[in-house]
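Let the sequences and hints guide you as you build the complete structure.
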Amino acid sequence: MALKNKQTVGDKSEHQRTRVYREIQEKKEVIPDSVFDGSIEIRNGELLFTPPRGLGRFPLIMAGENVEIYLNGKKIETPSFINDHDTVEIKTLDTAPSVDLEISIIEDKMKAFLLVKKAFGKKYALIDCKPMQIVKVIARCVIEEEPAPIQYEDVMEALQNKGVVFGIQKDAIMKAVQDTAGEFTVEIATGLFPVESVDASIMYNFQDEDWSVSARNPYGNGKIHSVSLGEIVAIKRPPVPGKPGIDVTENPALVRMPKDVPILIKDGVELINEGTVAIATRSGKPVLEGYSKKYLSVRPVYIVEGDVNLTVGNIKFKGDVIVKGSVYDGFSIEASGSIRVLGDVLHAALYANGDIVVNKKAISSRLQAGGLAVPYKWIYKMLTQLLNRLENLLAAMKLLKAQRAFTTGDLKENGEGQLVKLLIDYKFRDIPPLIYELIEIVLKEENQGLIVDLVQITQHLSQKLCNLGPLRIQHQNEIELLIQELQESLNIVDGLVVNAANIAVSYLQNSVAQANGDIIITGKASIISQLHAEGKIVINSGVVRGGHLSAREGIKVMELGSNKDGEVNISLLDNCVLEAAIAYPGIVIRHATDIKVVQEHQRYLRAQVSKGHLIVENANEY
Amino acid sequence: MSLEIERKKENDIMILQMSGVLDISTVELLQNSINHLGEIKKVICDFENIRFVDSTGVGGIASVIRACRKNEITIKINNILPEVFEVLDILGLPEIFGEETFEVKQV
Numbered sequence: 001m002a003l004k005n006k007q008t009v010g011d012k013s014e015h016q017r018t019r020v021y022r023e024i025q026e027k028k029e030v031i032p033d034s035v036f037d038g039s040i041e042i043r044n045g046e047l048l049f050t051p052p053r054g055l056g057r058f059p060l061i062m063a064g065e066n067v068e069i070y071l072n073g074k075k076i077e078t079p080s081f082i083n084d085h086d087t088v089e090i091k092t093l094d095t096a097p098s099v100d101l102e103i104s105i106i107e108d109k110m111k112a113f114l115l116v117k118k119a120f121g122k123k124y125a126l127i128d129c130k131p132m133q134i135v136k137v138i139a140r141c142v143i144e145e146e147p148a149p150i151q152y153e154d155v156m157e158a159l160q161n162k163g164v165v166f167g168i169q170k171d172a173i174m175k176a177v178q179d180t181a182g183e184f185t186v187e188i189a190t191g192l193f194p195v196e197s198v199d200a201s202i203m204y205n206f207q208d209e210d211w212s213v214s215a216r217n218p219y220g221n222g223k224i225h226s227v228s229l230g231e232i233v234a235i236k237r238p239p240v241p242g243k244p245g246i247d248v249t250e251n252p253a254l255v256r257m258p259k260d261v262p263i264l265i266k267d268g269v270e271l272i273n274e275g276t277v278a279i280a281t282r283s284g285k286p287v288l289e290g291y292s293k294k295y296l297s298v299r300p301v302y303i304v305e306g307d308v309n310l311t312v313g314n315i316k317f318k319g320d321v322i323v324k325g326s327v328y329d330g331f332s333i334e335a336s337g338s339i340r341v342l343g344d345v346l347h348a349a350l351y352a353n354g355d356i357v358v359n360k361k362a363i364s365s366r367l368q369a370g371g372l373a374v375p376y377k378w379i380y381k382m383l384t385q386l387l388n389r390l391e392n393l394l395a396a397m398k399l400l401k402a403q404r405a406f407t408t409g410d411l412k413e414n415g416e417g418q419l420v421k422l423l424i425d426y427k428f429r430d431i432p433p434l435i436y437e438l439i440e441i442v443l444k445e446e447n448q449g450l451i452v453d454l455v456q457i458t459q460h461l462s463q464k465l466c467n468l469g470p471l472r473i474q475h476q477n478e479i480e481l482l483i484q485e486l487q488e489s490l491n492i493v494d495g496l497v498v499n500a501a502n503i504a505v506s507y508l509q510n511s512v513a514q515a516n517g518d519i520i521i522t523g524k525a526s527i528i529s530q531l532h533a534e535g536k537i538v539i540n541s542g543v544v545r546g547g548h549l550s551a552r553e554g555i556k557v558m559e560l561g562s563n564k565d566g567e568v569n570i571s572l573l574d575n576c577v578l579e580a581a582i583a584y585p586g587i588v589i590r591h592a593t594d595i596k597v598v599q600e601h602q603r604y605l606r607a608q609v610s611k612g613h614l615i616v617e618n619a620n621e622y
Numbered sequence: 623m624s625l626e627i628e629r630k631k632e633n634d635i636m637i638l639q640m641s642g643v644l645d646i647s648t649v650e651l652l653q654n655s656i657n658h659l660g661e662i663k664k665v666i667c668d669f670e671n672i673r674f675v676d677s678t679g680v681g682g683i684a685s686v687i688r689a690c691r692k693n694e695i696t697i698k699i700n701n702i703l704p705e706v707f708e709v710l711d712i713l714g715l716p717e718i719f720g721e722e723t724f725e726v727k728q729v
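Going down the list, the protein sequences come from chains A and B. Counting from 1, one number per residue, gives the positions in the first sequence under our numbering. Counting from 623, one number per residue, gives the positions in the second sequence under our numbering.
Since the hints were derived computationally from the structure, they do not count as laboratory data. Predicted, not measured: the structure shown is a model, and the values here were computed from it. Treat the hints loosely; a few may be bogus.
To be verified - Cut-off 35 Å, straight-line C-alpha distance, at most; resulting in silico cross-link-like pairs (DSBU-like, lysine-lysine):
(1) A:K294 - A:K360
(2) B:K663 - A:K427
(3) B:K692 - A:K421
(4) A:K398 - B:K727
To be verified - Partner residues aside, some chain A positions facing chain B, computed with beta carbon under 7 Å:
(5) Q403
(6) T407
(7) L419
(8) Y426
For every residue, glycine included, the Cβ atom is placed at its ideal position computed from N, Cα and C.
Next comes the structure, spelled out in structure tokens:
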């Protein structure tokens with residue numbers, strides 16, 4: 001309870017006022033001009049007021065700690081004058097002892113907590129102060145009252161009010177009852193936790209080469225991974241459904257359904273045991289291929305035990321080729337999979353759709369990895385985009401036909417193509433350019449070897465959706481069929497987008513290396529060679545003397561150029577970054593029409609393309 | 623189903639007060655209404671009483687907007703009922719011709 005100390009200045013006892021006046025009168029005798037400031041005094045919890053005399057000032061009052069002051073019924077926030085007619089009420093901010101019990105439940109309702117806040121009650125008394133013209137009224141605590149102990153039943157009631165009925169921990173309640181701390185939190189109820197579902201997973205019994213991880217030694221220790229007929233290539237762990245639990249409000253805590261992942265297979269693999277085990281149906285190299293989905297296959301492997309020379313001849317093989325010796329003058333190897341040469345490649349050519357690894361050196365040779373992976377990647381992206389746009393167009397058609405204000409008499413009369421045309425003319429204007437771009441890629445001369453026949457789908461798309469084609473559409477079913485056809489093509493292309501094909505070679509001289517992935521020189525140098533990578537070029541511990549390097553993602557070289565050899569040309573494509581630990585003068589760096597030349601020997605050279613402009617630290621314009 | 627178009631001229635502004643249905647049978651009226659505009663600098667089509675459109679009607683609206691712009695005449699379509707605007711919006715007309723060309727009637 002707050003202590004109320006109400007004083008009406010005007011009603012002050014005559015005794016008090018008289019006594020104050022008498023003091024003033026006494027002082028008056030020594031002060032000749034009879035001017036006195038008014039004053040306020042707090043004595044024994046009472047406020048005593050003395051009015052000013054003559055031109056003296058009225059006293060000021062303000063509230064200090066633990067006090068509120070009401071002047072004529074209005075709470076004052078700032079120092080205020082008082083005079084004889086004012087009513088001053090001083091309230092001390094007494095508090096009663098309290099115990100707050102608060103129950104909180106976490107978001108998933110699996111746990112509830114009890115927050116206890118205990119507060120001692122406090123009673124205050126005004127502190128005396130001598131008569132002053134400005135007075136700050138302060139109160140100090142004189143009595144502290146202990147809060148009542150927590151009752152077990154109070155906690156149970158609080159839990160019930162919050163709907164907590166399951167997993168209540170009685171021990172925790174007892175602990176809370178006995179705890180003397182002012183504020184504490186205790187876990188008061190715990191639900192029965194569900195057992196989470198486990199998604200299906202696939203374990204492959206071979207290591208899929210990850211070039212980004214194994215760049216230091218991408219051809220491993222010379223071991224060639226292969227599987228024999230009937231060997232297990234992959235095992236699937238089936239999904240395991242979880243068990244639901246119960247939350248603290250006694251509602252079931254549901255678990256999500258586990259995801260199932262099928263083993264996707266292509267050539268050379270068969271599934272047994274209800275699709276949970278994949279076995280090789282031929283001997284060869286197990287590989288995972290695909291863009292968004294990974295398909296497992298076993299590629300046939302052709303192994304040349306010695307060198308590729310006159311006794312072996314040129315090799316063309318649908319699968320992987322492994323040469324345990326070297327490839328010599330004038331011979332070539334073409335493989336639909338990867339090529340691995342444990343020896344040298346001298347005046348020879350290697351063409352692979354997959355990776356090319358040469359353990360030793362390649363001199364005056366051509367190495368080309370990747371084949372049609374790049375166009376497949378583009379086609380996949382475009383088909384996905386087109387599929388998405390067509391699905392949206394179909395949805396818009398359906399939505400329009402359901403509109404109250406939209407009549408369809410003309411569509412019934414002339415066919416629904418009119419609506420398709422309207423949508424393509426305004427909302428889906430990007431569809432025809434996408435189709436034209438797709439046609440251009442499919443018909444490119446260098447893409448003639450595409451395995452999937454995409455000509456038919458591009459023809460259908462063009463006939464129905466370009467120029468006046470939409471007007472020939474009679475019903476939206478035709479759009480649905482196009483969508484279906486696109487989806488089928490997309491599924492096929494998805495399986496054909498091979499992983500980036502990389503080249504790894506120890507030493508390169510007077511050679512050409514092209515890869516749709518990365519090119520990694522694992523040994524000492526690249527000498528007067530042409531390197532083009534759609535990914536990165538990495539020569540971490542070697543030098544580049546002469547030649548031309550171009551890459552789309554990055555070029556990292558230990559030493560670039562030299563004082564004696566011919567110039568090194570670098571082309572940075574897209575947002576490629578070049579980094580060289582040491583760079584010699586005369587290096588020419590290009591991006592589109594920007595050309596810059598390194599003029600001085602540099603310890604660290606960095607060049608990059610930023611917002612379409614070539615930026616080279618410490619280089620001059622060409 | 624019919625369409626009535628009342629033409630009002632205020633200085634160099636032509637107001638086309640339209641009521642009825644804008645569809646395959648009436649779209650020609652709309653297209654004809656902007657012929658021979660002479661010195662007109664602005665056309666306002668009041669759509670308050672257009673309650674239904676079909677795809678031919680929407681095509682007609684688009685061709686009228688294009689024709690006006692070709693002749694450097696500002697065109698605005700006002701008081702469009704929300705359900706009619708919904709149709710125009712799904713077809714992407716505001717996106718192409720600018721949101722400011724179409725004014726929805728406040729209900």
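Next on the checklist: If you test the structure against every hint from before, which numbers come out violated?
Outcome noted: none
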